[in-house]
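Bring the two chains, given one by one in their own frames, into a single complex with the hints.
These protein sequence lines are chains Z and V, in that order.
For what it's worth, this note's numbering labels the leading residue of the first sequence as 1, then goes sequentially.
For what it's worth, this note's numbering labels the leading residue of the second sequence as 1, then goes sequentially.
In short, the hints are calculated from the structure, not lab data.
Because the structure is a prediction, the values reported are computed rather than measured.
Misleading hints may appear alongside valid ones.
[Claimed, not checked] Computed Cβ-Cβ distance ranges for the label pairs, DEER-style:
| id | chain 1 | residue 1 | chain 2 | residue 2 | range |
| --- | --- | --- | --- | --- | --- |
| 1 | V | I233 | Z | R109 | 26 to 34 Å |
| 2 | Z | P14 | V | G203 | 42 to 50 Å |
| 3 | V | G203 | Z | T3 | 24 to 32 Å |
| 4 | V | G14 | Z | P53 | 47 to 55 Å |
| 5 | Z | M164 | V | G203 | 40 to 48 Å |
| 6 | V | N210 | Z | N33 | 46 to 54 Å |
| 7 | V | P93 | Z | R128 | 49 to 57 Å |
| 8 | Z | T58 | V | E186 | 18 to 26 Å |
| 9 | Z | D78 | V | G203 | 18 to 26 Å |
| 10 | V | S43 | Z | N33 | 42 to 50 Å |
| 11 | Z | D35 | V | R232 | 48 to 56 Å |
| 12 | V | P35 | Z | R211 | 50 to 58 Å |
| 13 | V | P178 | Z | D72 | 19 to 27 Å |
The C-beta atom is built at its ideal place from N, Cα and C for all residues, glycine as well.
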Amino acid sequence: MQTTPVYIVCSPRPLIGKTLVARQLSEFLLLKNGDVAAFDINLKEPSLLDYLPRITETADVNNTFGKMALMDRVIANDGVAKVIDLGFHAFDEFFEMSEEIGFMKEAARRGVSPIILFVADVDRDSARAYSRLEQQIAPTALVVVDNEYVVRGELAEAMGHGRMLRIAALPTFLKTYIDRLSFSFTGYLRGEQDSSTELHQWIRRNYLSFRELELSLLLQKS
Amino acid sequence: MAKPVVIVVGADKGGVGKTTVSRTLLDYFSANSVPTRAFDTESPRGTLKRFHPDLTEIVDMTTTSDQMKIFDTLNAVSPSVTVIDVRAGLLSPSLASLRDIGFLDAAKSGQITFAVFHILGPSIASLDEIAETANFMQGAKYFLVKNFINNTSFFEWDQATYNSYFRRIKDATELTIPKLNEMAYEQVEVASVPFLKFVANKGQDDEAANYSFVLRGYVRHWLSNVWTEFDRIKLTDLVGSGKSGARMGEK
Numbered sequence: 001m002q003t004t005p006v007y008i009v010c011s012p013r014p015l016i017g018k019t020l021v022a023r024q025l026s027e028f029l030l031l032k033n034g035d036v037a038a039f040d041i042n043l044k045e046p047s048l049l050d051y052l053p054r055i056t057e058t059a060d061v062n063n064t065f066g067k068m069a070l071m072d073r074v075i076a077n078d079g080v081a082k083v084i085d086l087g088f089h090a091f092d093e094f095f096e097m098s099e100e101i102g103f104m105k106e107a108a109r110r111g112v113s114p115i116i117l118f119v120a121d122v123d124r125d126s127a128r129a130y131s132r133l134e135q136q137i138a139p140t141a142l143v144v145v146d147n148e149y150v151v152r153g154e155l156a157e158a159m160g161h162g163r164m165l166r167i168a169a170l171p172t173f174l175k176t177y178i179d180r181l182s183f184s185f186t187g188y189l190r191g192e193q194d195s196s197t198e199l200h201q202w203i204r205r206n207y208l209s210f211r212e213l214e215l216s217l218l219l220q221k222s
Numbered sequence: 001m002a003k004p005v006v007i008v009v010g011a012d013k014g015g016v017g018k019t020t021v022s023r024t025l026l027d028y029f030s031a032n033s034v035p036t037r038a039f040d041t042e043s044p045r046g047t048l049k050r051f052h053p054d055l056t057e058i059v060d061m062t063t064t065s066d067q068m069k070i071f072d073t074l075n076a077v078s079p080s081v082t083v084i085d086v087r088a089g090l091l092s093p094s095l096a097s098l099r100d101i102g103f104l105d106a107a108k109s110g111q112i113t114f115a116v117f118h119i120l121g122p123s124i125a126s127l128d129e130i131a132e133t134a135n136f137m138q139g140a141k142y143f144l145v146k147n148f149i150n151n152t153s154f155f156e157w158d159q160a161t162y163n164s165y166f167r168r169i170k171d172a173t174e175l176t177i178p179k180l181n182e183m184a185y186e187q188v189e190v191a192s193v194p195f196l197k198f199v200a201n202k203g204q205d206d207e208a209a210n211y212s213f214v215l216r217g218y219v220r221h222w223l224s225n226v227w228t229e230f231d232r233i234k235l236t237d238l239v240g241s242g243k244s245g246a247r248m249g250e251k
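So here's chain V without its partners, still in its complex pose (with noise of 0.2 Å):
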């Protein structure tokens, strides 16, 4: 049976991008068709279950029976994957929660592949996040999210200051959002479907819709470079999945 993946997408700071990120990815395991279960620590409401309402299931991270929901089910159900997209400000806590029920002694002696998608900031708050989240990651594949897409700008930061950060952590990896045009993020927002079937003109329930070609363009460029990027890591390789060539969604 293969090993569970849980795939942590997380920041202390709102507003940064992480459910957008979380959809891209349940995108790119969906054309790799990796099959993938998902939580949105959005209590009661969340983002993520909007667009992805099939795959999503709400959860409140703090409580010991969605807790129990999410960990004690990994090697029960058949998706091999799950994505947390994890509330902001609630990366740090919810790390330190996986640490005390033994979830991470149990990535590190490898039963569990664990990876964290840490989107950052522009400020230099995020810096001091990475040091506190890097504690939790002996075991874990940490990602560091630059996310461009709601024209956050990185010039805030000093470089040798980020690479002084960056350092300190071992394996841990760069990955750059590209921006999307705001009016096709817009689309898909208004539409609430996931960026792949936006892209294949389809409403929620498959049926045909009628987006803008221009804004579909923008869409699939756009998820064309994300997915360029989740290649570069490796993504399907660390799911165990290991195909990443021509998928459907990207003709």
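Chain Z with its partners taken away, still in its complex shape (with noise of 0.2 Å):
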């Protein structure tokens, strides 16, 4: 059966790196599959629309309307990776939802597979709330994104158990390059001819992070 994967990139905290993961994550699945479809609902922050207006439509989860318009077509089985680029403010909204609504269990009943990749911080409010995903989701289908440019190596001893998914952190003017809304991840690969600038490896690493993980699931399903 034909299994359709959900990245759900969230964080109840801003500022801290769900939208440069959901772009490099986006483009990982744009280049290897040659389609996806990508969803911000992340409006109040740097957004991934403006990053890639081609692929991306913007959602809301504040009324019926806008949760139906994004959720029946990520419970879609069609084959078409997905990506969520679930803003702060929206964090406990759409996990109410998705737990009311039972979207993983159909999810699971559908052969479409949620991972919420969970943007760590250090303070409290990350805590609660990986707390109540851990509640939630399944421990396979929960993978934290340590950030190093955010955590510093600080991440709390309870979100270090389950999968992880590791950023490291890069130089302030690299950061700074990459946030321009004309650069492209891929785009660079292809572009750049010397492979061993730390800018071209750290690309490198993070597609083979995505690819491990997407492999991870494939195991997983068989």
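Here's what the structure looks like:
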């Protein structure tokens, strides 16, 4: 049976790298599969829509129409991987709604594989949110993103037991460089001749992590 | 042979959700494999009939012939449970009719199981209804239903006043029907199918439908909460079925 992955990049905290992860992941999936559908529920922060307008739709979970527009797409096992960039302000509403409508159960029934990429921070809000997700999401579908630029090696112990995706910190000048709206990770890999540059290696390492995440999903399904 | 069970759902005020509660009851019995028939007193056109056409017959409870159709067949037909959705304003007159035909006495002597789901409105008039209805409740199971589905606010009530009315009625049990997302409720209305079929993404004739997954989820969650209330009052025990564990439609 075909499975469709749905990556939900989330955190209850603003400006900790959700859109960066969602951007990279979307570009990786686009490169690998030739197709990806991205959803931006992040309009109060630097937005995925600004970076990848051709593959990104905006979505809203503050009203029932918005929830239907998003979730009825996301639950479809159509073979097109989905990436949701879930803004901090929508975190509680999204997971409350998911629990109420039985999203995880229905997804399993339809062959859709939600993967929650929880971008960690060291504050109390993040600890509370992670603990809530642990109760709602199976450990195999919950991945902590350890963004070194934010966490600086101080990841809470409670978050360190499950699955992990590590994003190394970039020097500030490179961070500024990749934050430009016109920057494309895949475009950089294709255009930069020197594969030994720090940025080249950083992107490759992250793409490899996404690949490993995908593989583990496949193994899990088989 | 199982004792016949008659459940009357009514209120003296319109728009408080009588038919919604009747629909949840029919779904509950269907999920628990309790054979049920229903009568809709919204003559000539009934809302309950629209949602459960196979189970429901429209009757005019004020006529003797239709009263006979309901009560003279209690022992003769196979479904042991009869749900009657009583039109707005007809609850007290209907109960008076039941008293007059000796039905309430039969309930009192245990020949028939009789339950009344009295759907309360938000106004103080509802409290007077309780007092009025309570006069007929000897021998019956009396359930007072606070229905929040249509966003009713019960804050108009003074709790002390409510309690004073509530205490006058022996063995009355309170039930709460929670609120359902407005759009989900509307969609079920438009689809004109039982809640169970909506959740299962099916049309009236069991054909595959294409309802929103989100709205189905809201209905499933809400229905499960309503059924938890029915389980709490041991409704299946009341109708002599006695099984309210895992049932279809809840998975």
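Hints versus structure:
Checked against the given bound of 26 to 34 Å, the beta carbons of I233 of chain V and R109 of chain Z, roughly 31 Å apart, stay inside it. Checked against the hint of 42 to 50 Å, the pair P14 of chain Z and G203 of chain V passes, with Cβ atoms roughly 45 Å apart. The given range of 24 to 32 Å is respected by G203 of chain V and T3 of chain Z, whose C-beta atoms sit roughly 28 Å from each other. Between G14 of chain V and P53 of chain Z the Cβ separation comes to about 52 Å, which falls inside the hinted range of 47 to 55 Å.
Remark: the range hint 40 to 48 Å for M164 of chain Z to G203 of chain V is upheld by a beta-carbon distance near 46 Å. For N210 of chain V paired with N33 of chain Z, a C-beta distance near 26 Å fails the hint of 46 to 54 Å. Between P93 of chain V and R128 of chain Z the beta carbons are some 56 Å apart, a value that agrees with the proposed interval 49 to 57 Å. Between T58 of chain Z and E186 of chain V the Cβ separation comes to about 25 Å, which falls inside the hinted range of 18 to 26 Å.
At roughly 23 Å, the beta carbons of D78 of chain Z and G203 of chain V sit within the given window of 18 to 26 Å. At roughly 60 Å, the beta-carbon separation of S43 of chain V and N33 of chain Z lies outside the given 42 to 50 Å, and the hint is violated. Between D35 of chain Z and R232 of chain V the Cβ separation comes to about 49 Å, which falls inside the hinted range of 48 to 56 Å. Between P35 of chain V and R211 of chain Z the beta carbons are some 57 Å apart, a value that agrees with the proposed interval 50 to 58 Å.
Roughly 24 Å separates the CB atoms of P178 of chain V and D72 of chain Z, a value that falls within the hinted 19 to 27 Å.
Consistency with the previously given hints fails for numbers 6 and 10, ordered from lowest to highest.
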